[in-house]
Structure formats: structure tokens, C-alpha cells
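**Student:** Heads up: the protein sequence lines correspond to chains A and D, in order. Per the numbering used here, residue 1 is the first one in the first sequence, and the count goes up by one each step. Per the numbering used here, residue 285 is the first one in the second sequence, and the count goes up by one each step.
Incorrect hints may appear among the rest.
Example chain D residues on the side facing chain A (calculated, C-beta under 8 Å, incomplete) [to be verified]:
(1) G315
(2) V334
(3) L412
(4) V414
Okay, the calculated beta carbon distance ranges per label pair [claimed, not checked]:
(5) D:V404 / A:A33: 31 to 39 Å
(6) D:V296 / A:L41: 22 to 30 Å
(7) A:E22 / D:T293: 33 to 41 Å
(8) A:E194 / D:C411: 37 to 45 Å
(9) A:E270 / D:F390: 34 to 42 Å
These aren't lab readings, by the way, just hints derived from the structure by calculation. Beta carbons: idealized from backbone N, C-alpha and C, even for Gly.
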Amino acid sequence: MSPVESDEEDLTRKQRREQAREQRKAMEEAEAAGALRRKRLIQLGSAVAAVVVVVVVILIATGGSSSSGIPKSKSVQTKTANSVQQLIAGIPQSGNVLGSPTAPVTLQYFGDLECPVCKEFTNEALPSIIAKYVRAGKLKIEYRSLSTATSNAEREGAEPAEIFKTQQAAAYAAGKQNKAWNFIETFYREQGEEDSGYVTEKYLQEIAQQVPRLNLAQWTAARSDPAFASEITADAQAANAQGFTGTPSFLIGKTGGAMNQLTYTNSPGEPAFVEEAVEKLLKA
Amino acid sequence: MSARTLRITLIVLATIGLGWATYLTYVHYSGEAPVCSLKGNPCSQVQKSVYSELAGVPVALIGAIGYLVILGTLLIGDDERARFATAALTLGGFGFSLYLTYREVFTLHKICEDCVASAVIMTILMCLSVWRFLRGGETAGAALDDDGGPPVEAGTGVESAAPLGTAS
Numbered sequence: 001m002s003p004v005e006s007d008e009e010d011l012t013r014k015q016r017r018e019q020a021r022e023q024r025k026a027m028e029e030a031e032a033a034g035a036l037r038r039k040r041l042i043q044l045g046s047a048v049a050a051v052v053v054v055v056v057v058i059l060i061a062t063g064g065s066s067s068s069g070i071p072k073s074k075s076v077q078t079k080t081a082n083s084v085q086q087l088i089a090g091i092p093q094s095g096n097v098l099g100s101p102t103a104p105v106t107l108q109y110f111g112d113l114e115c116p117v118c119k120e121f122t123n124e125a126l127p128s129i130i131a132k133y134v135r136a137g138k139l140k141i142e143y144r145s146l147s148t149a150t151s152n153a154e155r156e157g158a159e160p161a162e163i164f165k166t167q168q169a170a171a172y173a174a175g176k177q178n179k180a181w182n183f184i185e186t187f188y189r190e191q192g193e194e195d196s197g198y199v200t201e202k203y204l205q206e207i208a209q210q211v212p213r214l215n216l217a218q219w220t221a222a223r224s225d226p227a228f229a230s231e232i233t234a235d236a237q238a239a240n241a242q243g244f245t246g247t248p249s250f251l252i253g254k255t256g257g258a259m260n261q262l263t264y265t266n267s268p269g270e271p272a273f274v275e276e277a278v279e280k281l282l283k284a
Numbered sequence: 285m286s287a288r289t290l291r292i293t294l295i296v297l298a299t300i301g302l303g304w305a306t307y308l309t310y311v312h313y314s315g316e317a318p319v320c321s322l323k324g325n326p327c328s329q330v331q332k333s334v335y336s337e338l339a340g341v342p343v344a345l346i347g348a349i350g351y352l353v354i355l356g357t358l359l360i361g362d363d364e365r366a367r368f369a370t371a372a373l374t375l376g377g378f379g380f381s382l383y384l385t386y387r388e389v390f391t392l393h394k395i396c397e398d399c400v401a402s403a404v405i406m407t408i409l410m411c412l413s414v415w416r417f418l419r420g421g422e423t424a425g426a427a428l429d430d431d432g433g434p435p436v437e438a439g440t441g442v443e444s445a446a447p448l449g450t451a452s
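Isolated chain A (complex conformation):
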């Protein structure tokens, strides 16, 4: 073998060794990359498993049942309870009447708890009327029922008339503890979307639970009192006698005297139509 041939053979051997080293290195790198990828997938898998566990725990803790009503959050309920308290705390109540029994003027308010226009009147006009006249002992307001929005509402598994009676009896039953107005004010503040079927037993219970110091056992027992069904019928008859077909509708007059119809001119959210009528009766 010539020296040139020997050199060429050495070079080829060197190249082969180099190639083998590179292949080994490439394999090791591929293995390392594969191991890293597996490690990352395991880490992600663990994170996904932890997230699934947490979500399932939250689902179980917050209740898994479907409900057509939309119960309000605790902070909304607290806000509502505080605003209702601020509005009517310290004002005498008797049954469904808010205000001093000796107030010279009486306003009868025919409403449907599911009626959005009543909500507008209750939330926007009533606070001013209550502050100026009811708290001052000049006016008392009697809440009477008239089924409007509720009777138009479609329900699954319950007749609208029954729903109306149930929700109205729930309000009147709070009146047995002289807290009907707390119930009514809370209901209007948390009123749901019309025709959505939000008034469920759970919803009524939640409204009652927001009424401060309402004895829930007594309230529950009172709800089945047949006297409320008669009262609701009497309310409807009184409304029919006046020709009322919509809510809110009003009668106003001197306490113990003749009652006259009162209608709002612009918006039920503006208190002026009631305030002017009260002023007139106070001066008469």
C-alpha cells in the first residue's frame, strides 16, 4: 500500500467516525427533544386535570340544577334590602297599607308585581311620594292587586291565574307581620324580565328572605290562608267596578271618604300627578 492510499483510508475512517458521532448526537438530541415534549405534555395534562377538578367542584358547590328564575347575587340583594329599609323603615304598616292609620289622604295603588310599568312607578315615583307625604303622616298607600302582566305571561306547568294568586298571597302573607311593603318593594326592585317565568317558589322564598326580621315559618304558614284568595278576588272586583284594565291604576281620596280615579299624565315614573292630587286633598 502506497503512503497516499494509506492517508486516504485514514481520512475515510475519520469521516466515518465523524458521521457516526454526528448521527449519535442527532439521535440523542431527538431523544432529548422527545423527552422534553413528553414532559411538557404531562405538565399540561396535570394542569388540565387540576382545572377540571376545580370546575367540577365549583359546579357542585354552586348547584347544578337548571332554573328559569334568575336569583340575584348577594351584593344585589344587600343593596336592595338597604334601599328598601332606607325608604320605609320607621313608617307604620298594617297589612297591605303603608303609612299612619290616621293619615288624612288615602291612595289605593292597583298593581301587578310582574308589571314593568308598576316597577317604574314604584322605583321612580314612589320614593319621593313616600318621603314627602307618607313619612310625614299625610298620606297612606294601600296596595291592591290587579292581574295584568302576570295573566299575559305564558307558563309551563302552571296557570297564570295561579301564579298571580301565589305571588300576591306571598306579599299579603308578609302583611300579616306588617311587612307587605318590604316584600312588594323588594319584588319590584328585583323584578325579572316580563314573560320569562322567573317567579318560581325559589324566587318568592328569596324575596321573603330579604325582608328584615320576617318570620319565614309564619310567612310560609300564612300563605295558604284562604282570606288572601278572597282579598285578591275583592281587589279584582273593585278594579273591574272602576273599569281598570291596566296597572298601575289609582284611586285617591280623603281617608274614609269617596275615592276618585287618578291617572298619570306623562310618565308613571314622575311623582307629580300623585303629589298634586295629595296637595289638593290636603287643602280641601
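Keeping the supplied structure of chain A fixed, place chain D upon it in accordance with the hints.
**Tutor:** Leaving out everything else, chain D in the frame of chain A:
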């Protein structure tokens, strides 16, 4: 997509999510009606519902804190641990968004577009950050190569722990 572009995209998304969740937290505490184009403002109904809070804490606030922490993991660096933290947190956020969407659709029967917007942001964040974690620093090296910098080896955990703005 270069590692830098991906990280900037994630930071922008997390910032938008943080802003949105902060707005919804403000709406929750102020009692104002949220911006909503749907009839009957279902967003307001959803955000005043019992499911708008978890153990007394508004879910919008939980979301804002979540976005803030995600943003933190994106800003501290671009190493293996930071990428995993971002991916794990966005997976958590995605799971939480799934829970809230379930409550909207199957319990309240309402769709809140504000909540859907946040869920969409979180879903995109999750997809991108999981992709970023799985591919590791490989493309970060490629990006540096593009810029003329030295190639970076994947999986060392220190390959690009530089703050954003430098060539990472």
C-alpha cells in the same frame, strides 16, 4: 410566528382582557347597567344574578385578577417556567369561562355578550399560550437567527429569559 411576536400578542390580549374585566367589576359594584346591544339587556340580568359572584367575590373581579396574573407571567420573562405558568393559568381561565358560559346558557338561559367577549379573549389566550409552551424556545432560536443573532438551544429553560424589548 416568532416567539417575540407571540409574546407581544399574548400581552396585548391579556391587557385587553384585564381592561374588560376591570370594567365589568366596576359595573358590578356600581350597579350600573353594562353596555349590551341585546334586547332586554340580558348582560345586566346575568351580572346581577347569583352566579355573578363566587363565594361572595364578583366573578368579574376574579377574572381581572386572573388576567393580571397572566400578564405578570408574560412580563417576567420567556423561560420554560414562565411559559408553563402562562399556559396553566390560561387553561384555568378557560375552564372558568366554560363554567360561566354553562351557567349563562343552561341555568340562566341568557347570553351575556360582555361575558362572551371575555371568554373569547381567554380562549385565544389559552390556545396561543399552550402552543407557545409546547413548542418551547425552538422558534425563539429561529427568530434570533432571523435577526442575525446566535441560535438558541431548546429546552434549557434559560434560552430567552431576557425582558421583552430585547431580542428574545
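**Student:** At the C-beta level, are V404 of chain D and A33 of chain A separated by a distance inside 31 to 39 Å?
**Tutor:** holds, 33 Å
**Student:** Does V334 of chain D pass the interface hint, meaning its C-beta sits closer than 8 Å to a C-beta of chain A?
**Tutor:** holds, 4 Å
**Student:** Taking 33 to 41 Å as the stated bounds, is the beta-carbon spacing between E22 of chain A and T293 of chain D within them?
**Tutor:** holds, 37 Å
**Student:** Would the stated hint for L412 of chain D survive a check requiring a Cβ distance to chain A of less than 8 Å?
**Tutor:** violated, 14 Å
**Student:** At the C-beta level, are V296 of chain D and L41 of chain A separated by a distance inside 22 to 30 Å?
**Tutor:** Because 27 Å falls inside the window, the suggested range holds.
**Student:** Does the CB of V414 of chain D sit less than 8 Å away from some CB of chain A?
**Tutor:** Since chain A brings a Cβ to about 7 Å from V414 of chain D, closer than 8 Å, the hint holds.
**Student:** Per the hint of 34 to 42 Å, is the separation of the Cβ atoms of E270 of chain A and F390 of chain D within bounds?
**Tutor:** Check passed, 41 Å falls within 34 to 42 Å.
**Student:** Please check whether E194 of chain A and C411 of chain D have a Cβ separation lying inside 37 to 45 Å.
**Tutor:** Check passed, 40 Å falls within 37 to 45 Å.
**Student:** At a threshold of 8 Å, is the proposed contact between G315 of chain D and chain A supported by beta-carbon distances?
**Tutor:** holds, 6 Å
In terms of the numbered hints stated before, the structure departs from hint 3 and from no other.
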